[in-house]
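Using the hints provided, position chain B relative to the given structure of chain A.
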Amino acid sequence: MTEASPMPAMSRTPPLVVRAPPAELEREPLVANGRGIGWLSDTIAGVAEGSPPAWWKWCFAISVTMMTVCFLCVLYLMSTGVGIWGLGHPVMWGFAIVNFVWWIGIGHAGTLISAILFLLRQKWRTSINRAAEAMTIFAVMCAGIFPLIHVGRMWYGYWLFPIPNSYRLWPQFRSPLMWDVFAVSTYFTVSALFWYMGLIPDLAVMRDRAKTKMRKFGYGLFAMGWTGSNRHWSNYEKAYLILAGLSTVLVLSVHSIVSLDFSVSQLPGWHTTIFPPYFVAGAVFSGFGMVLTLLVPLRRLLKLEEIITARHIELMCKVLLLTGSIVGYAYAMEFFIAWYGGNPAEKHLFLNGRAADPFVISKLLHTNPAPYWWAYWTMIGCNVIVPQFFWFKKVRASMITVFVLSILVNIGMWFERFVIVVTSLHQDFLPSNWGYYRPTWVDILQFLGTFGLFFTFFLLFLRFVPLIAIAEVKGVTPQADPHHPLGGAKTGGRHS
Amino acid sequence: MNARPYAILAEFENPAAILRAADKVRGEGFRNWDVFTPFPVHGMDRAMGIRNSKVGWFSFIGGVTGYATGMLMIWFMNAVDYPILIGGKPMFSPFAAFPPSYELTILFGSFGALLGMLFLNRLPRLHHPLLKNRRFKLASHDRFFLVIQTNDPQYSETATRQMLESLGSRHIEFVEE
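Top line first, the protein sequences correspond to chains A and B.
Going by the numbering used here, the letters in the first sequence line up with residues 1 to 496, in that order.
Going by the numbering used here, the letters in the second sequence line up with residues 1 to 177, in that order.
If we strip away everything but chain B, and leave its shape as in the complex, we get:
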């Protein structure tokens, strides 16, 4: 049995307090930690030192794939595999093929954005130690939590707790694995 808890959880009352706390925790050099809020707090990415999200690349690759799929598909179907002459129009024209390809660009790009977001967040996930914690249910309601994992190299059972208390957290507890 693992004697060590999964993480230490500190509750804060308002976004300003958690923003200050996050700034401090990042400054102390912690690595395996996170902030849990009911809505994205403005300025939190900067306070935590999170770099620009990579979701855009997934969406971009999806969009390029979509456009290429549309153009190639229409060219193959109407000009190669089963050419039919319609009103003297060319067998393949990028202009007539543009609207469906445009829509496929958006379709694949959107799937890229959603699936890319889920992949980067490692979701869906059926189990998480925090989701078993009773207090943590308030993270989707009106409380703000700062969680430092015990496997962080900077973690110390007493000093980390003292630091979180000094940041103004009124409620601190350990989260079981």
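Extracted from the complex, chain A is given alone in its bound form:
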């Protein structure tokens, strides 16, 4: 016997054998085909190198045109006044607020993916967090335009911030609208900080790959001299964890505060305690819809199917199913409270202002159909029924179906904001006050124009910055695990 056995009893019992789990229990790898870490650099950074493909140029031309439309609409508004919009008594909050709430909700998925899924150790997030965070930043930019322009005289927009002015007036902090200013501006700033910090190691990758002096200088400047030192990584990872924690409590607060803009008021349909969690769930729901709308075509166009795998898409569909169901529950609960609360104005709003369609409900109850029944039932169809299709694996696995359903989710969430903002206002306590809101062509072009702004920035992002967090994806491959045989371990566990 060459080696002394520590426990003699062991020699008599047969050695313990841990069998590999059956193949169907093994998780699909996060990077398909066992691709190595060098391949990841080449593939992801390659998207932002070389000349842009034809589809990119076409999309960019269309986006810039639409962005110009957005700015022309702002110019028209500035020169003429808010009378060019469809606003009028009693609906004084229209498209501007609908679009603001919708866009800011879109952003929430990015922060959820980058922060909350990070804290929950969901490693699959690494393939999608960079693009989703970029989406957040650009969506918040689009959102920020609307409150700024809907104040009418937007050149006084800086009055929203506590800056000393010649009147020696200060903002009035007892108003939720003021809280909103702080929530949204903090959200934008912190999202940008978090995004930039995540970018630093990848900008160093771009710098080290750069062929021209110009690129070397540009990426080198923003990479700030990052070397990949482990002493730096140690501080970096701690800062990343802290930012993830801060972003988590931030993202939950932002749409909560946006919802307080409504729920602190006394208006039926707005004055609801369920609003903060319901808005946050809806925001995550719409944001994941947008992430899927963007990434399902992109992974194909940019040939990234091995990094953003079918499993990633499937997991996102499951998040849609969960948050969509929460939203559906919130709708049901709102309705229940409208009945159970016994407030006649609220009951009237929910039934005669929203739900009574001309075909069934109004016939059954012998009432007039609700003027905005079509908006309400579009919302229910897209937000409650559509996500239920994701129970089926076949639906989650079909990219075209996922793409179409994700667009329906976006439409449904826009209508949710429309229902909340417009229908609550259009029939208030006095029937002589009732009215019907119609957007004008400026309203519609202004909204479509923000898509131009969003996609212009998003396409530029694809061209200049790695759209997948290179260092983070490398870190979740088995090749990066020093205790895995592929990472060079002589003997190793099976964990991945």
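FYI, nobody ran anything at the bench for these hints, they're computed from the structure.
For clarity, every value in this text was computed on a predicted model and none was experimentally measured.
Be aware that a few hints might be false.
What the hints assert, rightly or not - Below, computed lysine-lysine pairings styled on DSS-like, alpha-carbon distance capped at 25 angstroms:
1) Lys303(A) - Lys318(A)
2) Lys137(B) - Lys213(A)
3) Lys24(B) - Lys490(A)
4) Lys213(A) - Lys24(B)
5) Lys211(A) - Lys137(B)
Relative to chain A, chain B alone:
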């Protein structure tokens, strides 16, 4: 002219090899050395003997400053400098002042985390001897480097090189200042 190079650089092929090497180099008592990897290698902080990062303190101080700024600012603006009565509400209430202060806590805390990280890492830095090295460009791609500075008290031109070779490094070179 400085005759001595800045450091000796050893390249490794995979994370397990660099982890073993780091463990050994720390055990030998080196001080001015570091490991450069394309991503944070799990367990490397322990192998190198790096203690818990201090970034948290920067973030904490930022957060406390943010909350105090928010509360004091709102109290000063709405209750002292220009008090306006709104709907019979108190001039200052910590509840109404909470949401903006909460957001400022997060804002300042986040700046604390990012700037604290940069400060502790002594970044941004426009020049580094390693960034001039051709081979070192692979540190952001798929190679793992262990760098021992020549000003380390333990450093010896022959023995250190032999040690790195025995740890399995296939490529060793000197980095100029």
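To see whether the hints hold, each was checked on the structure:
1. At most 25 angstroms may separate the alpha-carbon atoms for a hinted pair to count; Lys303(A) and Lys318(A) meet this at roughly 24 angstroms.
2. The hinted pair formed by Lys137(B) and Lys213(A) meets the criterion: a straight-line CA distance of about 15 angstroms does not exceed 25 angstroms.
3. Distance check on the hinted pair: Lys24(B) and Lys490(A) sit about 17 angstroms apart at the alpha-carbon level, within 25 angstroms; holds.
4. For the given pair, Lys213(A) sits about 39 angstroms from Lys24(B) by alpha-carbon distance, which is inconsistent with the 25 angstroms threshold.
5. For the hint pairing Lys211(A) with Lys137(B), the CA-to-CA distance comes to about 12 angstroms; that is within 25 angstroms, so the pair holds.
Consistency note: the structure conflicts with earlier hint 4 alone.
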